[in-house]
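K.L.:
Order-wise, the sequence lines are chains A and B.
Residue numbering for the first sequence follows this note's numbering, starting at 729 and increasing by one per position.
Residue numbering for the second sequence follows this note's numbering, starting at 41 and increasing by one per position.
Hints may contain errors.
[Stated by the list, open to error] Restraint ranges, calculated between C-beta atoms of paired labels, are given here:
| no. | chain 1 | residue 1 | chain 2 | residue 2 | range |
| --- | --- | --- | --- | --- | --- |
| 1 | A | Asp998 | B | Asp332 | 22 to 32 Å |
| 2 | A | Gln949 | B | Ser252 | 20 to 30 Å |
| 3 | B | Leu231 | A | Arg782 | 42 to 52 Å |
| 4 | A | Thr916 | B | Leu216 | 42 to 52 Å |
| 5 | B | Glu211 | A | Thr820 | 50 to 60 Å |
| 6 | B | Ser202 | A | Arg834 | 31 to 41 Å |
| 7 | A | Arg928 | B | Leu216 | 32 to 42 Å |
| 8 | B | Gln267 | A | Thr916 | 33 to 43 Å |
| 9 | B | Tyr291 | A | Arg782 | 36 to 46 Å |
[As the list claims (entries may be wrong)] Coverage of chain B stretches by chain A, computed from C-beta distances (three or more under 8 Å per stretch; other residues unrestricted):
| no. | segment |
| --- | --- |
| 10 | 163-169 |
| 11 | 279-293 |
These are computed hints drawn from the structure, not numbers from a lab.
Keep in mind it's a predicted model, so treat the numbers as computed, not measured.
Note that CB positions come from ideal geometry on N, CA and C, so glycine has one too.
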Amino acid sequence: MNRSLLTIRHLDADTIHEMIDLAASFRTAIMRGETLRPKDPKVIGLLFFESSTRTRVSFEQATSYLGYRFTNFSSSGSSMSKGETLKDTILTLRSERLDGVVMRHRASGAPFLAHQLFDGHVVNAGDGEHEHPTQALGDALTVLSHLKSIQGLNVAIVGDVLHSRVARSNAWLFHKLGADVRLIGPRTLMPTHGGLLPGRIFHDLEPGIEDADVVMCLRLQKERMQDGLMTSTKEYRKMYQVNQETLRWARPGALVMHPGPLNRGVELDDFAADGPQSMILQQVENGIYVRMAALHWIFAQPQAKKAAKATEPPAEKTSKKKSSAGAKA
Amino acid sequence: MKTILKNGRILDPSTNMDVVGHVIIEDEAIAEIGSDVEIEEDADQIIDCQGLWICPGLVDLHAHLREPGEDHKETIVSGTQAAAAGGFTTVCCMPNTTPPLDSPSLIDFLFDRAASPEAGGVFVAPVGALTKRGEPDRLTDLAALKRAGIVAASDEGAPIQSARTMIRAMEFCRQLDLPIMAHCEDEDLSLGGCMNEGSVSALLGLKGIPRSAEEIMVARNCLLSLQTGCRLHIMRVSTWHSVEIIRQAKYLGADVTCETNPQYFTLNEEMMQNFDPHFKTTPPLRSQIDIDILLQALADGTIDAIASDHSPHANYEVQVPFEEAPYGMATLETSLATALTALVHKGVLAPLELIRKLSTNPAQLLGLDAGTLQPFETPVAQITVIDPDLEWTFDVSKTFSKGKNTPYHGTQFKGKAMMAICGSEIYRDAKFDLKRLQVPAPA
């Protein structure tokens, strides 16, 4: 199978470091005004089955800086809106001789299907409520621009963890790089059985962000209130808002992050969003460099010792032992 | 026509018989069984069954044959062929077809199709719809359906949400002496979910279905059965709380039986970690603790029956993102092998008890002429011959079912149906050793 970036969960720490280092070197090169001229420029399909201007623009920028070409494919106005299945779309794009696809989809796990069908490389640009690996890599690059190491940091992720792919990817990434991850939110917005997700669960903000070096806010969708998962934005603000007051519980100068788009005044106040601790705009910029790294990394020859871990989701340890009848071969 | 099954291990749960002996079939019916039966060499066919089990034909309580309306997934012809290959001689087909089995003419159509020469030769026992499609609170004409030949009524595919509607359904069915086969799902709680709510759904970002979505309806239906006296069969028990609720209902005297399906005691939620839609079922695959309790409940008799819940789909319907995939797996041709491998060879169930759950109990709880080897008890001999020790690898490309959606492809099994007899031989496995056949020269 071709090398793809589907999750942070299946990467090892070395691979994550490799990509962050690569991103940092791309940042340096671009700051110096260098132009990258790859010997073998790739053609990347940007498949946004769910609309996202920010991530798409970031990937477009990354592709251009790398000297690659991209072509856009969005589900509205395409064959998808005429009832074509994801499978047929992917098979068609394969025959269009794209080298790789970047895929955003509303269904968790959809890039796994694309990876099986597409005879090329796939980068997950966010799948449902599962993972958003390039967001987490960008966040890690941002943290490492200010702090020497992630090892030993206290990282607090605050808000709607249950529905957040950003939370999952970041929890895995910071956990794998040795941080103490805390997941903070109301019971209704937290997985009822967090067991397999890394991180300790808190339902109150204060103990959760105590001594935090990094405080990440998650976006609170309005539909959560309609579904009765949160009583009101007012209540959320009172219980979980990251602001000038509540940031006092964290380490002085703790980095404040948000994947955007912000609900200013809900997840964070103006101080947190615009103040000296805010990393929000740097996150956006670093997003470009890690996406360059991801696009470069999928086409690079895997180093022998890492190859197995980095490219293929490993056979899950649990699926082997549980059943006598066994799982699919 | 006279056929002799010679020297097999006869397993007949209807009389607790477990002996090595012979079975004589004469003119489509079982004429004699036992160890001291005299074998006259005047038979038309003698089959040496040494090392094989001779059992009453297996009865599948719960399969989806998809006709009418969804013959791209399965037809009566392909589904009955798959049933015979899986060792079943009777298959109960579920009513959630298009249109649903809600009128006598559709029941006639089913019987016609099942009797066609291309079909698998097994008996098809239709289960009628309890409510009309799109009208969740309007009952079908149950008396007319019963006259047409349904063996039970079910809310499969359209679980009855209103307790008041369910009470009325039970009152009618009690009067008609028709069991209700209940699909227990609170759709308010399961809304939008696609796998068990638990640590794996948290990991994958898939919306979970809480266990309570099943358990609340199991409890409700048991209580309503107690109140009305209606015979209730709970389909697809998957959680350990459901087991405990049913145990309690039986203790209270409810006329309730239940089944589970091989997928629920062999597969679990942790197998979905790469988003393979072949593992998507309703209710969803649960966790190891549920499997442990299901195995106990199979052993202690709380779970009465094992059914396939054969749910075939076309490949293109399954090759989609997990949450968009349909529920269910095609299991007619693996259920017996899965149960043999996971239950008998692991010491959970004795052979006789497995056959009880796959044949005698299902036949008795629906009042079918099946599930026994006693001479002349059933008008037509239904017999399954099983090689309990044959080791084989399941290859989905070789199945009879149109549905190739199975998580068991490539699985090693121990045990397989070698022959199915429904009056006469309807299925003989490719691995059947032809040396076992003796055809005496005509006198």
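K.L.:
For which of the previously enumerated hints does the structure constitute a violation, in increasing order of number?
P.N.:
Of the numbered hints, 1, 3, 7, 9, 10 and 11 do not hold.
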